[in-house]
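**Student:** Fit chain B to the given chain A structure using the hints.
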Amino acid sequence: MTARIELRTSPHVVKGTSVEHIMFNVVLALLPIAAFSVWQYGLSALALIVTTTLTCLASERLFNRLSGQQSTLSDWSATITGLLLALTLPPAFPLWMGAIAGFMAIALGKALFGGIGFNVMNPALVGRAFVQAAFPVAITTWVPAFAPRRFTEFVPTTFTAPLMTPPDISAWALNAKPAALDGFTGATPLARWKFDNVLATPHDFLSGAVTASAGETSAILILVCGAYLAIRKFMDWRIPVAILGSAALTALLFQLIDPARYPDPLFVLLSGGMILGAMFMASDMATSPVTPKGVWIYGALIGVVTVMIRYFGGLTEGVMYAILLGNALAPLIDQVTQPKVFGEVKRARVKEKQT
Amino acid sequence: MSLFPFFKNNTFARGVHPDANKSTAGSPIRRMPFASRMILPLVQHIGKPAVPLVRAGEEVVRGQPIAKADGFLSVPIHAPADGVIEAIELKPSARGPWVESIVLRVYEGSTQEIGWRHPPDIESMSPREILQAIQDSGMVGLGGAAFPSHAKLAVPEGTKIHTLVVNGCECEPYLTCDHRLMLEYPEDLMAGIRLAMKSVGAKRAIIGVEDNKMDAVAAIQAAIEKVGPADGSITVQAVPTKYPQGAEKMLVKSLLGVEVPSGGLPMHIGVVVNNVGTLALLGSLLPEGQGMTERVVTVTGPGIKKPGDYWVPLGTPMRTVLKWAGAQDANEQEIILGGPMMGQAVASLDVPVTKGVSGILVFDKLRIEADRKLWPCIKCGECVKACPMGLNPSMLGMLAGRREYEAMGAQYHLGDCFECGCCTYVCPSHIPLVQQFRVAKGILRGKAT
Numbered sequence: 001m002t003a004r005i006e007l008r009t010s011p012h013v014v015k016g017t018s019v020e021h022i023m024f025n026v027v028l029a030l031l032p033i034a035a036f037s038v039w040q041y042g043l044s045a046l047a048l049i050v051t052t053t054l055t056c057l058a059s060e061r062l063f064n065r066l067s068g069q070q071s072t073l074s075d076w077s078a079t080i081t082g083l084l085l086a087l088t089l090p091p092a093f094p095l096w097m098g099a100i101a102g103f104m105a106i107a108l109g110k111a112l113f114g115g116i117g118f119n120v121m122n123p124a125l126v127g128r129a130f131v132q133a134a135f136p137v138a139i140t141t142w143v144p145a146f147a148p149r150r151f152t153e154f155v156p157t158t159f160t161a162p163l164m165t166p167p168d169i170s171a172w173a174l175n176a177k178p179a180a181l182d183g184f185t186g187a188t189p190l191a192r193w194k195f196d197n198v199l200a201t202p203h204d205f206l207s208g209a210v211t212a213s214a215g216e217t218s219a220i221l222i223l224v225c226g227a228y229l230a231i232r233k234f235m236d237w238r239i240p241v242a243i244l245g246s247a248a249l250t251a252l253l254f255q256l257i258d259p260a261r262y263p264d265p266l267f268v269l270l271s272g273g274m275i276l277g278a279m280f281m282a283s284d285m286a287t288s289p290v291t292p293k294g295v296w297i298y299g300a301l302i303g304v305v306t307v308m309i310r311y312f313g314g315l316t317e318g319v320m321y322a323i324l325l326g327n328a329l330a331p332l333i334d335q336v337t338q339p340k341v342f343g344e345v346k347r348a349r350v351k352e353k354q355t
Numbered sequence: 001m002s003l004f005p006f007f008k009n010n011t012f013a014r015g016v017h018p019d020a021n022k023s024t025a026g027s028p029i030r031r032m033p034f035a036s037r038m039i040l041p042l043v044q045h046i047g048k049p050a051v052p053l054v055r056a057g058e059e060v061v062r063g064q065p066i067a068k069a070d071g072f073l074s075v076p077i078h079a080p081a082d083g084v085i086e087a088i089e090l091k092p093s094a095r096g097p098w099v100e101s102i103v104l105r106v107y108e109g110s111t112q113e114i115g116w117r118h119p120p121d122i123e124s125m126s127p128r129e130i131l132q133a134i135q136d137s138g139m140v141g142l143g144g145a146a147f148p149s150h151a152k153l154a155v156p157e158g159t160k161i162h163t164l165v166v167n168g169c170e171c172e173p174y175l176t177c178d179h180r181l182m183l184e185y186p187e188d189l190m191a192g193i194r195l196a197m198k199s200v201g202a203k204r205a206i207i208g209v210e211d212n213k214m215d216a217v218a219a220i221q222a223a224i225e226k227v228g229p230a231d232g233s234i235t236v237q238a239v240p241t242k243y244p245q246g247a248e249k250m251l252v253k254s255l256l257g258v259e260v261p262s263g264g265l266p267m268h269i270g271v272v273v274n275n276v277g278t279l280a281l282l283g284s285l286l287p288e289g290q291g292m293t294e295r296v297v298t299v300t301g302p303g304i305k306k307p308g309d310y311w312v313p314l315g316t317p318m319r320t321v322l323k324w325a326g327a328q329d330a331n332e333q334e335i336i337l338g339g340p341m342m343g344q345a346v347a348s349l350d351v352p353v354t355k356g357v358s359g360i361l362v363f364d365k366l367r368i369e370a371d372r373k374l375w376p377c378i379k380c381g382e383c384v385k386a387c388p389m390g391l392n393p394s395m396l397g398m399l400a401g402r403r404e405y406e407a408m409g410a411q412y413h414l415g416d417c418f419e420c421g422c423c424t425y426v427c428p429s430h431i432p433l434v435q436q437f438r439v440a441k442g443i444l445r446g447k448a449t
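Respectively, the protein sequence lines represent chains A and B.
Just so you know, we're using my numbering here: the first sequence kicks off at 1 and counts up by one.
Just so you know, we're using my numbering here: the second sequence kicks off at 1 and counts up by one.
Please keep in mind that the hints were generated in silico from the structure rather than gathered at the bench.
There is no bait here: all hints are sound.
Covered stretches of chain A, as calculated for chain B (at least 3 residues, CB under 8 Å): (1) 5 to 12; (2) 110 to 121; (3) 289 to 296; (4) 328 to 342.
Short derived list, chain A residues pointing at chain B, Cβ under 10 Å: (5) Thr17; (6) Glu20; (7) Asp75; (8) Ser77; (9) Lys233; (10) Asp236; (11) Met285.
In the DSSO-like style, the derived pairs of lysine-lysine whose C-alpha atoms are separated by at most 30 Å in a straight line are: (12) A:Lys15 / B:Lys385; (13) B:Lys441 / A:Lys293; (14) A:Lys340 / A:Lys15; (15) B:Lys22 / B:Lys323; (16) B:Lys373 / A:Lys15; (17) A:Lys233 / B:Lys373.
Yeah, the Cβ is synthetic: ideal placement off N, Cα and C, and Gly gets one too.
Excised from the complex, chain A in its bound form (with noise of 0.2 Å):
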């Protein structure tokens, strides 16, 4: 036997996955979503997705160059950062403002930090609250879903010239709506509950048919995805379980103590984008903690801070920024909670005794 022997370190066998592996399987998670999207919103949905991702990508890929690294666009990552940056923002966004938010997510939420797994907080999460500080009218300008020439044409707004202030579309949504529609306010469940005190019913959500961010309105359908993450492992299930589960029961509280001021908890859980932020984004591996205590704490966390800004603060929707809250605790959280390391207690206890 001539044979050429190879050296390795135990262990020798490994369980197969990768990093690609499950960066993957959360793209595919989000297509559905992503599709049901432009189902809804036409082809102005699909064009700030495509858009935000292709921008997601080549910024990924600069970045890449800057730092003489190889490419890292094949493991995926950037891929879910443009689809989920386009799911959270409003179907007639002007691409140019889109494209920004691409690169500011790549730029600031991940190169910045040294790329992949160094990340402090959500990138897609940053590209967004980037374009909410700058573009505050954009980010609030909502389109009917469902409009019945959605597919074929583009919403006013979406080739705004570079720099330009998009046009007033509200004359351009009353004509466009589904002709079912009595009527189109252009605002979000929350910000019609919250300033006019009118609450959308489960069926309205449940349909679809509501004004919101391109990603946010296919509760069940979100719900399935995450599912199937979490049942093959490429999430955590804690997560989205501790953020749902604290919100209702943060909510249930407040409806107890004053049920004419507040809503129900099923109406917090529905509305905004808290079902994809708990399913999608709070869950990003980088940004939360590792340890199973810690990822409760963090959950948690985010489910009472989004339902309290949503009532106390002046903004409509607290997740994007109850989420990012989390991201930064994380580390801080990781570092309380470490293991109970094997064989521990009784020196534990020793050491109690003694001071």
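**Tutor:** Chain B only, in chain A's frame:
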């Protein structure tokens, strides 16, 4: 018996479930013939090297001591075959460095007959005499650590041992040598258990077997009924199949429900753990007054044509074993001593089978080339959910990357890591965590001295 058997916590927390690949479990142990030349390193155990008793040119018979123990933490070496000592010189070892070894040229007519034995009166021996006899037999722990058996059974003054835990888990994938020994030699195992119980003064013995080997549980049960004590002091218990169930501390937790204190030994809570293979061989060697000349080795893996469990004479070069078991000629192979999770890859086919070798695995080119692209840690937490010791390998790996070795030891319990490999096994970023920890431990040890 607990009222709620489903809630009974009869295993340790976390761990992993690698593919078992125990294809050799169904066929009996076969015997491997003598190689023409045997290489016997003077250090095949943990402790001081043995001292040669023979010179080049001397004739020896199978079973004759050819090197004696040097002090307490050392064991003698016995000739594995009839032959003539060719030389005492440096030879390659599994760990890398060349070590002083006795080279034996085997006579062509050498038989399985043991030419040297001194059967003692085993029933009348005191615990101290039993320990001496165990040391004289050259026995070490056969699970892989190769710690001298008599030293493991020597209980310090003032320590009371209540239970002997017999480890029949064999949780490493691919390996089946302990499984076959339990099936084929359960009565030797009983004899070994009684000797060990006597030497440590244990009142009871529990044999823990993973529940993927229920035939072994049945064989042991039958042996207990046939030759074991009728008072129920020896029992066999199935434990869930999960890696690393066969780690001492894990098995003690599974069987007795107590955790060995961090940094301590099972002895500190009144338990001594021994491997089934060790005790079965002890049970056959001691009453005959023989020394250890051979052991059962699982030779398997995708690169082996005739996989199986073999009685392999100690000192047989790897090359001979692989030839006999039909290793496929491949350009690139990985040859591992021990199991795939904790075993060691060897660099030379001239390395001999020593006392601690439980398995020889040959992985072929395909398996080696499996993509292992490295990514940064994405903090998925899989390693934290896998570590049986409750460590945070993710954090330890990050600290190792920043060379903050002191923090690894002082704050993150690096010393509790026993390198089971669970974290590296699950890591989707393919970070060689265990290797980083080995390096860190080495550096910390270097700083301590």
